[in-house]
Every structure is written in structure tokens, then in C-alpha cells.
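> Taking the hints into account, I'd like the entire structure generated from these sequences.
Chains as they are written, first to last, in numbering that gives the first Met the number 0: chain A, 0 to 442; chain B, 0 to 342.
Calculated directly from the structure, the hints in this document are not laboratory data. Glycine is no exception: its CB is placed at the ideal position from the N, C-alpha and C atoms. The reader is advised that the hints may include incorrect statements.
Take a look, some chain B residues computed to stay more than 12 Å from chain A by CB distance [said to hold, decoys possible]:
hint	residue
1	Val56
2	Val59
3	Phe66
4	Ala105
5	Asp112
6	Val223
7	Pro283
Chain A regions said to be covered by chain B (calculated; three or more residues, Cβ under 8 Å) [what the hints assert, rightly or not]:
hint	region
8	159-168
9	288-299
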Amino acid sequence: MSELMAARAQMGSSLAFHIIFAVLGIGMPLVLLIAEGLWLRTGRDVYYRLARTWSRAFAVTFAIGAVSGTMLSFEIGLLWPRFMEFAGGIIGMPFSLEGFAFFIEGIFLSIYLYGWGRLSARAHFLCGFPLLLGGFASTFFIIAANSWMNTPQGFVLNAAGEVVDVDPIAAMFNPALFTQYTHMLFAALVTTGFSVAAVYAWGMLKGRRDEYHRKGLAIGLAVAGILMPVQLVTGDLIAVQVTQNQPLKLATMEGLFQTTAGAPMTLFGIPDEETRTVKGGIEIPYLLSLLAYNDPTATVQGMEEWPEEDWPNPVLVHLAYDTMITLGSALLLPGLVGLYAWRRRPHWLGSRPFLWGLVASAPAAFICVETGWITTESGRQPWVVYEVLRTEDSFTTATGILPWFVVFSGVYILLAVLGSLILIRMARRRRARIAAGLEVAGD
Amino acid sequence: MTDQTLVLLAALSLLVGLSAYAVLAGADFGGGVWDLFARGPRRADQRAAIERAIGPVWEVNHVWIIFVIVVLFTAFPKAFAALCIGLFAPLTFVLLGIVLRGSAFAFRAHSEDQPQLQRWLGVAFSISSLVTPFALGLCAGAVASGALEPVGDGWATVPVAELLRPFPLVTGLLAVLICSYLAAVFLTRETDGDLRDDFRRRALVAGCALAVVAAVGLVLEADVAPEHADALLTGRGLPFALAAAAFGAGGLAALAARAYRWVRPLGVAFVLAILWGWAVAQWPYAVTPHLTFADAASSPSMLRVYLVCLAIGGVILVPALWLLFRLFKGGHPEAGRRAEDRA
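Encoded structure:
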């Protein structure tokens with residue numbers, strides 16, 4: 000493995016790891032606020048217990064998110080110093096604002112976690128809002144930096160290749176910001192909802208069909224089920240945005256080599272760069288033109304319009320994208336079935352197929368997040384700043400990346416195993432305490 | 000506002016971030032060091048007090064390093080690139096230390112029914128609490144002694160042998176001792192009785208060791224970083240050096256006399272005097288002696304926007320931080336205890 004590939008692999012695995020905890024960091028405050036709000040309204044212990052359990056679990060996942068996020072802030076400098084040297088003076092502003100947003104998240108997380116019983120119930124509940132908004136704001140600023148990498152603006156490169164006339168505001172509010180932000184934000188909320196629902200669906204499959212499990216499942220499913228249709232809309236918006244700003248990325252996502260009028264959408268199949276065809280795959284006529292331009296006969300540019308050295312990896316990007324849209328569409332089902340069952344067939348809600356479906360929805364949602372992120376980031380390659388700075392040119396001159404890649408991969412595996420173990424044991428302890436009648440407000 | 004003023008203000012914001020990180024996160028790392036050296040009949044109580052003190056605040060204190068990094072690459076991107084290339088190896092150790100410290104601490108706090116695992120997590124937590132400030136101190140020493148060298152249009156990676164010379168090693172040790180001293184000093188305000196006396200003695204030991212190592216560091220500095228040492232001993236850094244000596248001696252005297260009310264402000268003043276003296280001696284260089292802050296800075300338009308963001312962010316941050324510390328560092332020994340721990 001070359002040093003450059005080792006660096007890309009390390010950056011990629013760090014992001015893939017962090018995004019799991021970032022997603023929970025954005026979404027958990029929402030489900031916490033719902034559970035605690037319901038407790039304040041109804042005074043029922045079950046909501047209090049759920050909020051307390053989630054707050055303890057969140058303490059663990061937030062800590063992993065905080066340290067893995069720190070890794071990223073170091074790694075963009077350690078691995079890609081020339082990228083930061085180039086970009087720091089242009090997109091530093093959202094990064095510095097993100098620092099403040101993260102402070103707010105950290106401060107109110109501590110107050111929230113350690114403030115049970117120390118603050119009044121109402122004050123404690125109110126402290127959940129800055130936590131939620133801090134997460135929304137962090138996401139906004141991080142996505143602003145990332146979307147700038149996709150649609151860079153707010154600066155001029157002079158003849159000597161130097162950055163001049165920097166406009167930090169224009170850089171931050173770049174064309175990809177709105178669609179990338181909304182798509183990521185709803186992805187986080189939906190994924191958290193499915194994760195919560197899956198935990199309690201699993202418990203019910205194990206025979207723990209008590210009110211605690213039913214309410215936990217209901218809150219998670221309500222969040223995911225209500226927001227999932229919204230997520231499909233933001234997905235459509237981002238596809239249109241990519242069509243306008245990064246047509247090569249769109250062509251790569253769709254495995255479209257030739258410029259085509261009335262382009263079909265090809266689901267799966269293996270794009271072959273040699274023959275410039277997609278082997279296998281299911282073609283749905285006119286769908287791509289319809290999605291990209293709202294016109295079934297519109298012409299969609301194929302990858303052939305660009306030189307091959309500017310192509311992203313079509314196999315990776317196409318398969319990642321198709322995985323995301325397929326699983327993402329399937330994730331409409333739990334919400335729709337749940338809604339129908341709730342109104343007409345209540346007994347379905349406790350049935351094994353439905354519960355198994357919910358259990359599967361959590362990994363499916365995380366796979367969507369990961370493959371969506373691969374689509375965005377790998378689809379931008381070979382550029383780190385789209386059509387401005389190539390990834391290989393931003394790479395460090397320091398050597399010895401490969402051993403560190405091995406070390407940090409080991410650390411991630413260790414964190415994942417230990418974190419899961421600790422969360423499972425925590426759930427078991429909580430159940431024992433709840434069964435013993437503990438975990439009520441004021442104890 | 001002139002361009003020089005913009006650079007100065009941005010550099011000052013960096014120093015404020017570093018100061019907050021040194022005092023707040025430094026004490027958290029020091030807590031980990033004392034966890035490693037927990038001794039005597041109250042060993043378990045010492046560890047519990049440390050965990051209680053760190054628990055509610057370490058994540059927020061940790062954000063200051065992110066703040067510092069963000070300021071570096073927003074306001075001084077060339078310096079950030081130089082440090083990342085030149086100090087690749089020690090910074091990677093810092094990173095490893097940060098990741099292991101944070102996660103081991105959080106995991107340990109939530110694995111109360113697995114004593115074996117908890118012990119291992121404690122070891123990981125305390126060793127990484129020692130490695131992280133050591134590697135950071137090493138980096139500071141390497142920069143001050145001019146170990147970073149430009150090559151072509153980039154920078155050379157400092158060879159490991161260059162890093163493991165006496166001066167960077169001493170600055171690494173100095174950083175560990177600063178953290179340990181601060182932690183022990185803070186813990187005398189969050190414990191009582193015999194436990195408080197344990198930390199009082201630890202603070203005295205760390206404080207005396209700190210004085211000795213700082214003196215050795217100054218002697219070495221005169222050799223490898225003469226301009227730095229001159230600035231500190233005769234030039235604009237002198238007031239800070241004198242203040243550090245006075246606050247250091249005062250802090251030790253207060254500890255010896257059990258004048259606990261004074262130990263915390265004197266301890267913080269001591270550490271800030273060292274850090275600011277260091278910064279003043281280093282000025283105007285971001286990377287001694289090749290890159291000044293002015294040369295490393297972003298465009299004035301960027302700096303202006305950055306400083307506005309800083310002001311807005313500060314207005315939001317300060318009251319939130321005040322609330323956090325008022326809640327959990329209110330001065331009584333059990334300030335950091337969770338409700339369920341008390342039950």
C-alpha cells in the first residue's frame with residue numbers, strides 16, 4: 000500500500016468511524032427531549048426511566064464522538080497539511096464557529112448528564128435545548144466546510160497560483176451547503192430514531208414486552224417514521240444540486256459513461272471503465288433524466304465528457320450510491336407499516352416480522368449514512384477541493400503513515416468492541432434496576 | 000485596524016486558548032497522572048476523588064485543544080502546515096493519547112460491574128494522561144529550539160533523534176509536572192480531611208520538582224535556544240519569569256501553611272506566568288526562527304471575519320462556561336458527584 004493510499008485509508012476509516020457517533024450526537028438530544036418532555040407532561044415513570052437510560056448511553060457515545068472528532072481535526076493537518084494551508088484561510092470561519100458550537104454541546108451535555116437531581120426538572124429539560132441546537136449548529140458548520148470542498152467559491156487564484164480576494168462569507172454559503180446540510184441533518188435524526196426503535200424491538204423479541212420497551216420503541220419509530228419521507232425530499236434536492244454543480248459526480252454515481260438523452264437509471268451492476276459499460280444492473284427507463292432535470296427526455300452528461308484522469312472510482316461511487324438509495328427507500332416501510340398498523344391493525348406492532356424489520360432498520364440506516372458519505376467524498380476525488388486542488392497534491396511530506404494507519408485501525412476496533420460491550424452491560428444493569436422498582440424521579 | 004493589530008489579536012486569541020487548555024485540560028491530565036501514582040491506604044479514595052473532579056468537565060476542557068487547532072488553521076494556516084509536517088510523530092502520539100484518555104475515562108465510569116475491565120481502563124486512562132502532555136511539551140521544546148527546518152517550499156519532518164535531545168525531553172517533563180501540580184492543587188479544593196492532605200503533599204512534591212526541572216530547562220535553553228532564553232531572562236519575558244518565580248514560591252508556601260484559599264489562584268497564576276513568558280519569548284515567531292506569525296497569517300479580510308466570529312462566540316461561550324463551573328466546581332468537596340453516586 001502506498002503512503003498516499005494509507006493516508007486516504009486512515010482518513011476514510013476515521014471519518015467512517017466518527018460519523019456513527021456524530022449521527023447519534025445530533026439525534027440523541029432529540030429523543031431525550033421527547034422522553035423528558037413526555038415525563039414532565041404526564042409524570043409517568045416510564046418516560047423518566049427512558050430519558051435516564053438514554054442519557055447514560057449518550058454519555059458513552061458522545062465521548063467516543065468527541066475523541067474521534069478530535070482525531071479528524073488533527074488528521075486533516077497531519078495527513079493533508081497542504082490542503083489546510085490552502086483552505087484554512089478561506090473556510091476557517093465555519094471551522095472556528097464549529098469550535099464554539101461544540102463548546103455549547105459539551106457544556107450542556109455535562110450539565111444535562113450530571114444535572115439530574117441537581118437542577119429543577121424544568122431547568123434540566125430546558126438545558127436539553129442548547130444541547131440539541133449545538134448539535135444542529137456543529138453539523139451546519141462542518142457541512143459548510145465540506146460542501147465548500149465540493150463547490151468551492153469565495154476566493155480567486157492569481158496567475159502565481161496564490162489565493163487572493165478571499166470572501167469568507169461567500170465561501171461558507173456555497174451552493175452545496177443547503178442541500179448537503181439538510182440531507183445530513185435528517186439522516187442523523189432518522190438514523191438515531193431507527194437505532195432507538197431497534198434496541199427496544201430487540202428487547203421485545205427477547206420477550207421483554209413491557210411498557211418501557213413499548214414506549215422506547217414508539218418514540219424511536221415516531222422520530223424515524225415522520226422524518227424519513229422528509230429525508231427522501233432532501234435526497235432529491237441534493238441530486239438536483241449535484242447535477243448542476245458536479246455533473247461528473249452525478250454521472251459516476253449513476254454509472255453513466257455516455258451522454259444520453261432520456262437517460263435511464265441503472266441500479267447496481269458493475270461499471271467497467273475499459274468498455275465504458277455497466278455490467279449487469281437493472282435499467283429503469285427515463286428515470287435519471289426525470290430525477291436530475293424533472294424532464295424524462297432531458298440530456299444527461301456522461302463521464303465521457305471529462306478526461307479519465309479526473310474520474311472518481313466509478314465502481315465504488317456507483318455501488319455506494321445505489322446501496323444508499325435502495326436501502327433508504329426501503330426505510331420508508333417501517334414508518335408506513337407502523338402508521339397503518341397503529342390505526343388499523345394494532346396487533347401487527349408486536350408481531351415478530353415487524354419487530355425484526357425494526358431491528359434491521361438500524362444497521363440499514365447506518366449503512367445509508369456510510370454509503371451516502373462515500374458517495375459524496377469519493378465522488379469528489381481525485382480532488383480534495385473540487386477542480387482546484389488534487390488530493391495527491393495536498394498530501395504530507397512526512398513518512399511512516401502506514402504503521403499509524405494500522406495502529407489507529409486497531410484503536411477503532413478496540414473502541415467499537417469495548418463501547419458495545421459497555422452499552423450492552425449498561426442496558427442489562429438498567430433493566431435490573433427498573434425491575435427492582437428503582438429509577439424513579441427523585442431517588 | 001492595521002494588519003499588525005489583526006495578527007496580534009489573532010495570536011492573542013491563540014494564547015488565550017492555549018492558556019485555558021493548559022490550566023483546565025492540564026489539570027485533567029494531571030488527575031490521570033495522580034491516578035497512575037495513587038498510593039497509600041486511601042488509594043481508592045484518591046482515584047474516586049479524581050474521577051469525580053474530572054467527570055463533568057473534561058469534555059468541555061478538551062474542546063480548548065480543538066479551539067487552538069481551529070485558530071491555528073484559520074488565522075495561521077502556514078504555521079499549522081509547518082507544525083503538522085515537522086512534528087508529525089509527536090503530534091500523532093498526542094492524538095493517540097487524547098483518544099485513549101477520553102474513551103478509557105468514559106468507559107471506566109460506566110463499567111462499574113466489571114472490576115477487571117475497569118482496572119485495565121484505569122491503566123489506559125492514566126498512562127495516556129501522562130503521554131499526552133509529555134508529547135505536547137516535547138513539541139513546544141522542539142519549536143523553541145528551532146528544530147523545524149524549511150526545505151524547498153515545504154518543511155522537513157523533525158527526526159526522532161532530534162526530538163529526544165535533552166531540551167525537548169525536559170520541556171516534555173515540565174508539561175507533565177505542570178499538569179500534575181495543577182491537578183493536585185485543584186484537588187485540595189475538592190476534597191477534605193486526610194484525602195486533602197494526600198493531595199497537598201502531592202502538590203508540594205510536584206511543585207518542588209517543577210522548580211528544579213524549570214531551572215534545568217533554563218540552563219539548557221541558554222544553550223539550544225539562546226534568543227529564547229535571553230528574552231526570558233533579560234528582555235520582555237523577564238516580568239513573567241519573575242512573576243512565575245513569585246507565584247510558584249507563594250503557592251508552595253500556601254500549601255506548606257495549609258492556606259488552601261490561596262493555593263488555587265496562586266497555582267493558576269504560576270502556570271499562566273510560565274506560559275505567557277514562554278509566548279512572549281517566542282514572539283514574533285510561530286516557528287522559530289523561520290516563520291513569523293505575520294508571515295503565517297491568513298489575509299486581513301479573513302482575520303477580520305475570524306475576530307468578529309470570536310467576539311460573537313465568546314458572548315455565547317462565557318455565560319455557558321460560567322454556568323458549568325458554577326454547577327460542578329462550586330467549591331464544596333462533592334461538587335462533581337452525580338446524584339446516583341450519592342444514592
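> All hints are to be evaluated individually against the structure, with a verdict given for each.
Tested hints:
The claim that Val56/B is not at the interface with chain A is violated, since a C-beta of that chain comes within 12 Å of its own (minimum 7 Å). Not every CB of chain A is more than 12 Å from the CB of Val59/B (nearest about 4 Å), against its label as outside the interface. Not every Cβ of chain A is farther than 12 Å from the Cβ of Phe66/B; the closest lies at roughly 5 Å, contradicting the non-interface assignment. Not every Cβ of chain A is farther than 12 Å from the Cβ of Ala105/B; the closest lies at roughly 3 Å, contradicting the non-interface assignment.
Interface exclusion of Asp112/B from chain A breaks down, the closest Cβ pair being 6 Å apart, not more than 12 Å. Taking the minimum C-beta to C-beta distance to chain A, about 23 Å, the non-interface status of Val223/B holds against the 12 Å cut. The claim that Pro283/B is not at the interface with chain A holds, since no C-beta of that chain comes within 12 Å of its own (minimum 19 Å). Only residues whose C-beta sits within less than 8 Å of a C-beta in chain B count toward coverage, and the region 159-168 of chain A has 6 of them, enough to reach three; the restraint holds.
Only residues whose C-beta sits within less than 8 Å of a C-beta in chain B count toward coverage, and the region 288-299 of chain A has 0 of them, not enough to reach three; the restraint is violated.
In terms of the numbered hints stated before, the structure departs from hints 1, 2, 3, 4, 5 and 9, listed from lowest to highest.
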